[in-house]
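Student: Single-letter residue listing:
Protein chains: 2
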Amino acid sequence: MSGEERYSDEPTRLAELVKVMFGDQALAYRSREATPSGRVRLLVGADSQDDCAVFGFSGEQQLVIGSDYVRGPKFRLYEYGLLGEYDLGYYLVAANVSDVAAMGAQPIGLLSVVRYPPEMSDSVFRQVMQGIRDACEAFGAPNVGGDIGGAERLILSATALGVCRPGGALLRSGAKTGDLVCLTAPTGMAGAAAAYFRSPRVCADIEQNYREELLSSWTRPLARTTEGVVLGNSGVVTSCQDTSDGLKATLESIAFSSGVGMTVFERELRIPEAVRKVCEYLNLEPLPVIMGDSVDFELVFTVSPVDCDRLRGEFERAGIDFHSIGVVVDGGEVVFEASSGKLSPLPGKAWRHTPESPPHH
Amino acid sequence: MSGEERYSDEPTRLAELVKVMFGDQALAYRSREATPSGRVRLLVGADSQDDCAVFGFSGEQQLVIGSDYVRGPKFRLYEYGLLGEYDLGYYLVAANVSDVAAMGAQPIGLLSVVRYPPEMSDSVFRQVMQGIRDACEAFGAPNVGGDIGGAERLILSATALGVCRPGGALLRSGAKTGDLVCLTAPTGMAGAAAAYFRSPRVCADIEQNYREELLSSWTRPLARTTEGVVLGNSGVVTSCQDTSDGLKATLESIAFSSGVGMTVFERELRIPEAVRKVCEYLNLEPLPVIMGDSVDFELVFTVSPVDCDRLRGEFERAGIDFHSIGVVVDGGEVVFEASSGKLSPLPGKAWRHTPESPPHH
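Just so you know, the protein sequences line up as chains A and B, in that order.
Okay, so the first sequence: first residue is 1 according to the UniProt record's numbering, each after it adds one.
Okay, so the second sequence: first residue is 1 according to the UniProt record's numbering, each after it adds one.
Bound-form chain A, shown alone:
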């Protein structure tokens, strides 16, 4: 490094620094002696860079666990006064539980880290905690502990836990050529909301029900916990990840981890009506919005066409839904096939920034 310092972005730091640094530690641990209470197996560690880590204990359950910080008071929509402290607490839980759902596990609990500024009154503090509490209730993962204390501003982080049957955790790495690429619901709402509410044109020029739908993607984000459990128990899903980095990044991540390519069909992509409205008003192309950095908590998963019908039956019985958006192909490329038949890279903002320049936030 002598002399010139480099500034990597987040994916680069993960890939180049963290994976290398923690890979051998995970390996060493996998082969080490049992604890006094019996053997613990680390099945998925930091080197795997999946949504969560996975541990095997002595019994017939495996633990799935992941941590996520959320920007909270740094969300633009909070700065605009469109989100309150209750909403930030709620969002924290949804973002964390989504990672457990993406592993096909049943959420069982959450630890929250809430650091608050000295000027925060008890009633506002209680709103943060009430949002956490209500989201924990909604997603079936009780708050079991964590940390509260002071800081110069509100800081929110959490850890969600879940359980699955042995071998039941859904990784990013199992997609196979010929599999269908599926999505639990259309993406783009959170990104369209961010674009709409930061636009100087915000006024009464979009119907009230669309406004509410857009805003609720931030105030009441939905972690796909029922979908995750059905996917995990099905035994037929070959890979899964949530779309919290955007749909394009998720597809590329599954393809990269699985060593496969994908073809995504424009004709199968659904564009929510509210997203279409925002794009009309702001003169944006809808496809980059639904594929780009919209932070939705949908699940992308892969399943063979043969198993897909059975899975659809299980979804219908649980009152939930999914749709196919593409297929897994040989090679490492993720390609977009327009309705015209023209092939191109996936639309949407690039996930990886230039690694030579300081990261942007």
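Hints may contain errors.
Claimed, not checked - When the alpha-carbon atoms are kept at most 30 Å apart in a straight line, the in silico DSS-like pairs for lysine-lysine are as follows:
1) A:K176 with A:K349
2) B:K176 with A:K74
3) B:K176 with B:K342
4) A:K342 with A:K277
5) B:K19 with A:K74
6) A:K19 with B:K74
No lab work stands behind these hints, which were simulated from the structure alone.
Mind docking chain B on chain A? Use the hints.
Tutor: Relative to chain A, chain B alone:
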């Protein structure tokens, strides 16, 4: 609340707001249906306010889990240039693993949340992660995941996991009248270091070896993992907590949770030589330093006098040590017995601030 806003301190927020808010959620969860992969029991939840939460799974192991944020770059010693980024990473792990040790569990892994400012170069970022890595190695808890990404400053939080045998978790609530109150090693070093290094008199007026010992309480804090496992496996320890809130707060917390009182004997308290030196130079009383808000990671535990000898044998075989500092008595008061025989409240800064004024940090 109407009109006038209240500002509680951290312990009050925990006791008055969080416990009430999450208690019924934990209770509801304890009686709910099994997950698809089998029954999960929440044995210790947020309402217990212990060092960690405890889950029981299908097998013969229980999961112990806790989260701690550390102030990191807001540590005075970091602001003075006495701690580097590596040290902050190391400290983060020690603080978190200590909570698992305080439950008598074997650490098995750690998730770290590291958010970094845009101006942080790769080499400095790597130092943070290397400190985390090396501490994980030292305490036998591999880093298995977490979150990295941007923020306006370095933000550090983590979650540590451990396992223990069923019923083996050491709570704060089991101390019994007649038990001895024991401590794994003298406290006060971290507090003395903070006092010494912030003093304008810092110069060559304390021997170099004391300076190094003082500083190492912040650069290489020692989580008592071996002690924790021996205590947990002994089957005779009735309560345990780490001293990360200060010795006085820890004793009062165990006494309160257990519904007992304590008598702490001046003649049994040990004052580290470096702490004594600092107190001489700064004209401070040593007892408030070792009992006050010194953030050490020692373990306080209680054990009956009958079982204490056997426990001492187990400690000696493991090459570790503890000493007794008092006894558990009836009633709810924690009392200090001076060498003169005079009784008084415990020396040291009060843990609970005035709940009507904004908290201080």
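Student: Each hint: holds or not?
Tutor: Right, here's what the structure says about each hint:
Only pairs whose Cα atoms come within 30 Å are accepted, and K176 of chain A paired with K349 of chain A is accepted, the gap being roughly 26 Å. Under the criterion of a C-alpha separation no larger than 30 Å, the hint pairing K176 of chain B with K74 of chain A is inconsistent with the structure, at around 48 Å. The straight-line distance between the Cα atoms of K176 of chain B and K342 of chain B is roughly 24 Å, inside the 30 Å bound, and the hint therefore holds. A distance of roughly 26 Å separates the Cα atoms of K342 of chain A and K277 of chain A; the hinted pair therefore holds under the 30 Å criterion.
Simply put, K19 of chain B and K74 of chain A have alpha-carbon atoms about 28 Å apart, close enough for the 30 Å limit, and the pair holds. Between the alpha carbons of K19 of chain A and K74 of chain B the distance comes to roughly 28 Å, so the proposed pair stays at or under 30 Å and holds.
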